[in-house]
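Model the full assembly from the supplied sequences, consistent with the hints where possible.
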Amino acid sequence: RKEVEQDPGPFNVPEGATVAFNCTYSNSASQSFFWYRQDCRKEPKLLMSVYSSGNEDGRFTAQLNRASQYISLLIRDSKLSDSATYLCVVIGGTSYGKLTFGQGTILTVHP
Amino acid sequence: EAGVAQSPRYKIIEKRQSVAFWCNPISGHATLYWYQQILGQGPKLLIQFQNNGVVDDSQLPKDRFSAERLKGVDSTLKIQPAKLEDSAVYLCASSLGYGGETQYFGPGTRLLVL
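Protein chains in written order, with this note's numbering: chain A, 6 to 116; chain B, -2 to 111.
Derived by calculation from the structure, the hints in this document are not laboratory data. Computed from a predicted structure; not experimentally measured. Here a beta-carbon is modelled for each residue, glycine too, at the ideal position from N, C-alpha and C. Treat the hints loosely; a few may be bogus.
Stated by the list, open to error - Each computed DSSO-like pair below joins lysine-lysine, with the alpha-carbon atoms no more than 27 Å apart:
1. B/K12 - A/K50
2. B/K41 - A/K50
3. A/K84 - B/K8
4. B/K41 - A/K7
5. A/K103 - B/K12
6. A/K7 - B/K8
7. A/K84 - B/K68
8. A/K47 - B/K8
9. A/K7 - B/K68
10. B/K59 - B/K75
11. B/K80 - B/K8
12. A/K7 - A/K103
13. B/K68 - A/K103
14. A/K84 - A/K47
15. B/K75 - A/K50
16. A/K47 - B/K12
17. A/K47 - B/K75
18. B/K8 - A/K50
Said to hold, decoys possible - Looking from chain B toward chain A, a few residues come up when the C-beta cut is under 8 Å (computed):
19. G39
20. D53
21. A85
22. L88
23. T99
24. Q100
25. F102
26. G103
Given below as structure tokens:
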């Protein structure tokens, strides 16, 4: 079983749609969770951290379910500019903060 | 503030040749990472440095890959000899502290092995 698993998609949605991605992780000792965004042929950039209580940043909402070991990202009112690959990132139970990336979920928002 | 710098941006070599990549992290960042990203996959950590010491190189193919971070600042990653399956983007990232912090990525080096 992979340490971090994501549905690779692709997800093709129209502008204005709501779309959700899930990510599961295998290490129950994982400490921190993030969503990164990667545009085509670009480097990954932090989108948002994921907190146990859930958190929201504008149109983006991230949630964590420790019992079921999954995190989610919800995008409301999708924009064309949201088209990218969304990477789920988990920091495992080590002292030095090793990040493990999922394979990414491709999102395409069309007019 | 200057970001993470990497060079070269692109490299094409033949199998069994050697290649080296360079990374200059954000000034003051203690931790430096090298990732390999194969097309269609997420980045895979190859090696993580804290200052000039290695804290994780468990996924580095040590028979052909080597990396160093002299003086705890910039770093080089070398492949010798290269194989076809080494074709990938090699990403360097840095973070301010020692764990769980935001990583800032460089633009990557695209390697094609023929």
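27 Å limit on alpha-carbon distance, applied to hinted pair A/K7 and A/K103
Answer holds: A/K7 to A/K103 is near 15 Å, not above 27 Å.
Against chain A, run the beta carbon of B/G39 and see if the smallest gap drops under 8 Å.
holds, 3 Å
For the pair we were handed, B/K8 and A/K50, check the Cα-Cα distance against 27 Å.
Between B/K8 and A/K50 the Cα gap is close to 23 Å, so the pair holds against 27 Å.
So if I understand the rule, the pair passes when the alpha-carbon distance is 27 Å or less; does A/K7 with B/K8 pass?
violated, 30 Å
Regarding the pair B/K80 and B/K8, is the alpha-carbon distance no greater than 27 Å?
The given pair, whose Cα atoms are some 14 Å apart, holds under the 27 Å limit.
Quick check on the hint: B/A85 CB to chain A CB, less than 8 Å?
With a closest approach of 13 Å, the B/A85 hint is violated.
At a threshold of 8 Å, is the proposed contact between B/F102 and chain A supported by beta-carbon distances?
OK, holds: B/F102 within 8 Å of chain A, min 4 Å.
Given the proposed pairing of A/K47 with B/K12, does the C-alpha separation stay at or below 27 Å?
holds, 26 Å
Verify the interface restraint on B/D53: the C-beta must sit less than 8 Å from at least one C-beta of chain A.
Holds. Min distance 6 Å.
Under the criterion that the straight-line Cα-Cα distance not exceed 27 Å, is the pair A/K47, B/K8 satisfied?
holds, 16 Å
Distance restraint between B/K41 and A/K50, which requires alpha-carbon spacing of 27 Å or less:
holds, 15 Å
Classify the hint on B/L88 as holds or violated, based on whether any CB of chain A lies nearer than 8 Å to its CB.
Holds. Min distance 6 Å.
In this structure, the earlier hints numbered 1, 3, 5, 6, 7, 9, 21 are contradicted, and the remaining ones agree with it.
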